[in-house]
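Student: Protein sequence lines correspond, in order, to chains D, B and W.
Just so we're aligned: 133 in my numbering is position 37 of the first sequence, and the numbers increase by one with no gaps anywhere.
Just so we're aligned: 73 in my numbering is position 71 of the second sequence, and the numbers increase by one with no gaps anywhere.
Just so we're aligned: 1540 in my numbering is position 183 of the third sequence, and the numbers increase by one with no gaps anywhere.
Some hints could be false.
[Unchecked claim] From the structure, some residues in chain D lie toward chain W, with a derived Cβ separation under 10 Å:
#1 Thr114
#2 Gly148
#3 Ser149
#4 Glu163
#5 Lys168
#6 Gln176
#7 Phe180
#8 Lys225
#9 Arg258
[What the hints assert, rightly or not] Taking lysine-lysine and the DSSO-like style, the derived pairs with C-alpha atoms no more than 30 Å apart in a straight line are:
#10 Lys1366(W) / Lys296(D)
#11 Lys296(D) / Lys113(D)
#12 Lys1608(W) / Lys219(D)
#13 Lys104(D) / Lys166(D)
#14 Lys4(B) / Lys27(B)
#15 Lys1608(W) / Lys210(D)
#16 Lys4(B) / Lys210(D)
#17 Lys16(B) / Lys313(D)
#18 Lys4(B) / Lys228(D)
#19 Lys259(D) / Lys218(D)
#20 Lys296(D) / Lys16(B)
#21 Lys259(D) / Lys4(B)
#22 Lys313(D) / Lys27(B)
These aren't lab readings, by the way, just hints derived from the structure by calculation.
Glycine included, every Cβ here is placed at the ideal spot set by N, Cα and C.
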Amino acid sequence: MSNVLAIKDLAYKQNRKTILSNVDLELTTGKIVGLLGENGAGKTTLMRLITGSAKGKGAIEVSGDSEIAKRKSHVSFSEQLHGFSNGYKVDQVVHFYETIYPDFDHARYDAMAKFLQVDGTKKLSALSKGMKEKVVIALTLARQTDLYLLDEPFSGIDSMSRKRIISSILQWKPDDATILISDHYVTEIAPILDEIVIVKDHGIATHIGADAIRDEKGMEIEDYYESLYEDGGDADDEI
Amino acid sequence: MKFDDKVPIYYQIKTYLYYDVLTGKLKPGAKLPAVRQLAVDLTVNVNTVQRALTEMIAEKTIISQRGKGNFVTEDQDKLAQLKEQLVMSQLAHVYDQLHRLNLSDSEIVASLQRYIDQKGAPQDVERISD
Amino acid sequence: MTKFSDLFKAMSSSKFRSIHQLMLLELAAVAVSSIWSLIRGDFSSATLFYSVMGWSIIPYLVSFVLLAVRNEQAFTRDTFRLAPISDGLFYAANLLSTVVSFLYLLVLQLVLMAVTGLIGWSMLSSMYDNMQMSLQYSDLGSNPVGVCLGMLTVMLVIYLLAWSTVSLVHLITSAASNYLPRARQRIVNGIVYVVMILITFRVVSYLMGQIAWMSSSLMGGTTVSSWWIGVLIMILIIAIETVANIFLLNKWVETTTN
């Protein structure tokens, strides 16, 4: 098993405030990894650093490439479509994705959109929060890449939509690809995770196998996660 | 399927599949769903399903045929053994609980007999989820 | 990796959308003012043409701003910036699609003028003859294609310069906003704005002088070779700004968070 992601000594400051420092992280291929941490702990920042959307110090390699443009070709990030005005229809957004991403698989998108009951003729402004997230997930997973970064795909989404999204992740995840899912509420995704990465106090507090927590520690993932916060670790409320 | 997050998921998948085998949902010699299909049906990770299946293959309760898939064993001894295993593990649980209530072994047998009499002929064993 | 042509296509189509919306607004304005003359009772076959001419300055100004906004959005939106392509090609595709969208607007305006002009031709033909007469003795009369191309070039270079400058200001302030503490950020933004406004005034006044001189020399029939120097200077500034912009994009400019 090779590394899909290798981060070494990554640091990031915003407005002279440290958000992340001394981050080392390696992810192997074919995994579903939960990125956990409080709001503002730096989960989104970590993902943005991986895509090159945020600029930090340190080394980041995705599938062996460190150059940002090449890295981008190996990463599919669940961006929230803010580049489109509200008048855009879902199908037009799909067409945009198909044009700029050579690895966009239209048949895969169609299958997912059907499963998630996405109506392509709807305008972006007419989508509910859950439906918009479904569109984002389908677009993100329709690219054939090595690393998928899903940033809080379940925040503010009803449980039916959540279940559908989880099923589509399981069904359409390419075997060799790794998915990093960030969330601050663990329980809803705990059964699908191979590994867990916890961001706390500007760094990676833990990187551990999900069944290792259950097997060796005999703990629920949520309890384990909360136990990390009990021993006086101060949470960080900056973004 | 609902999981208990304290118990390793692969272990729960095994138990789930064994129940399907013993209740006849999966007949001896029947083909198991594909790994990904199982993952989607149970809402768990493909790797976790794979781990559960690997252990079941090692225990020889399912047989892996290269390129064809996984099949429930037709070895009746093996199935009987599996049933015995599951019955014993359920009884162990009950026994343990009753023991904690300071019941003696004979009292436990007696109360179990009483329970069965009251209930009539119980059709199904209740699944104990923890 | 994304091909330059594909990114250009995708960026153009999002900008063409803005142009279409603008054209719809213009057509609505033309319709309203024509209906107004109908109500007042002085509607003629040439009313549409006059109305188009009357409104025509607005689309040029608005499209400049609209395209500048779209141009800058592409730099800070993940929707565009996540495309796997080098920053240099990204910048080029963005600016080129902005220019092409502007040319597209120009063509649409000319079509609109031609169509409404033909509708009112019976009334406009005499005016056209007069114009022909007066132009006959100027440069425009002797070499209309060359002069039109020259004017178009100057116009495009001015627009390019303006867009590059807007980008420079935007990218500097955007980079500064990530790195400096909030208090110092305002100071830097203030300084950048003041410096840029001063420079813009200088450049604009210089350009105005150039254009005034150019049009007088065009119309007056004197030689026009020296105004190319002005164009060259502008192109030089554009080149420097382009290098600076790509550098900023590559090193410091982050996209906005979701």
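Student: Against each hint, give a clear statement of whether it holds in the structure.
Tutor: Do the hints match the structure? See the list:
Contact between Thr114(D) and chain W, as hinted, is not supported at the beta carbon level, the nearest pair being about 13 Å apart and thus beyond 10 Å. For Gly148(D), the shortest C-beta to C-beta distance to chain W is roughly 8 Å, which falls under 10 Å, so the interface hint holds. Interface restraint check for Ser149(D): the shortest CB-CB distance to chain W comes to about 4 Å, inside 10 Å, so the restraint holds. For Glu163(D), the interface hint holds, the least distance from its beta-carbon to any beta-carbon of chain W being 9 Å, beneath 10 Å.
Given hint, Lys168(D) at the interface with chain W, holds; its Cβ is 4 Å from that chain's nearest Cβ, closer than 10 Å. At its closest, the beta carbon of Gln176(D) sits 4 Å from a beta carbon of chain W; the interface hint therefore holds under the 10 Å criterion. At its closest, the beta carbon of Phe180(D) sits 6 Å from a beta carbon of chain W; the interface hint therefore holds under the 10 Å criterion. With a cut of 10 Å, the hint placing Lys225(D) at the interface with chain W is violated, because the nearest CB-to-CB distance is about 13 Å.
A distance limit of 10 Å between C-beta atoms decides the matter here; for Arg258(D) the minimum to chain W is near 19 Å, and the interface restraint is violated. In summary, the hint linking Lys1366(W) to Lys296(D) is not supported, as the alpha carbons are separated by about 42 Å, beyond the 30 Å threshold. For the proposed pair Lys296(D) and Lys113(D), the alpha carbon gap of about 15 Å is at most 30 Å, so the pair holds. Taking the CA atoms of Lys1608(W) and Lys219(D), the gap is near 35 Å; set against the 30 Å cutoff, the hint is violated.
Distance hint between Lys104(D) and Lys166(D) is fulfilled; the C-alpha atoms sit about 18 Å from each other, no more than 30 Å. Under the criterion of a C-alpha separation no larger than 30 Å, the hint pairing Lys4(B) with Lys27(B) is consistent with the structure, at around 19 Å. The straight-line distance between the Cα atoms of Lys1608(W) and Lys210(D) is roughly 41 Å, outside the 30 Å bound, and the hint therefore fails. A C-alpha spacing of about 26 Å is found between Lys4(B) and Lys210(D), which places the hinted pair at or below 30 Å, so the restraint holds.
Proposed proximity of Lys16(B) and Lys313(D) is supported: the alpha carbons are some 20 Å apart, at most 30 Å. Between the alpha carbons of Lys4(B) and Lys228(D) the distance comes to roughly 27 Å, so the proposed pair stays at or under 30 Å and holds. Taking the CA atoms of Lys259(D) and Lys218(D), the gap is near 22 Å; set against the 30 Å cutoff, the hint holds. Of the supplied pair hints, the one linking Lys296(D) and Lys16(B) is violated, its CA atoms being roughly 35 Å apart against a limit of 30 Å.
Annotation: proposed proximity of Lys259(D) to Lys4(B) holds, straight-line Cα distance about 12 Å (limit 30 Å). A C-alpha spacing of about 34 Å is found between Lys313(D) and Lys27(B), which places the hinted pair above 30 Å, so the restraint is violated.
Taken one by one, the earlier hints fail for this structure at numbers 1, 8, 9, 10, 12, 15, 20, 22, listed in ascending order.
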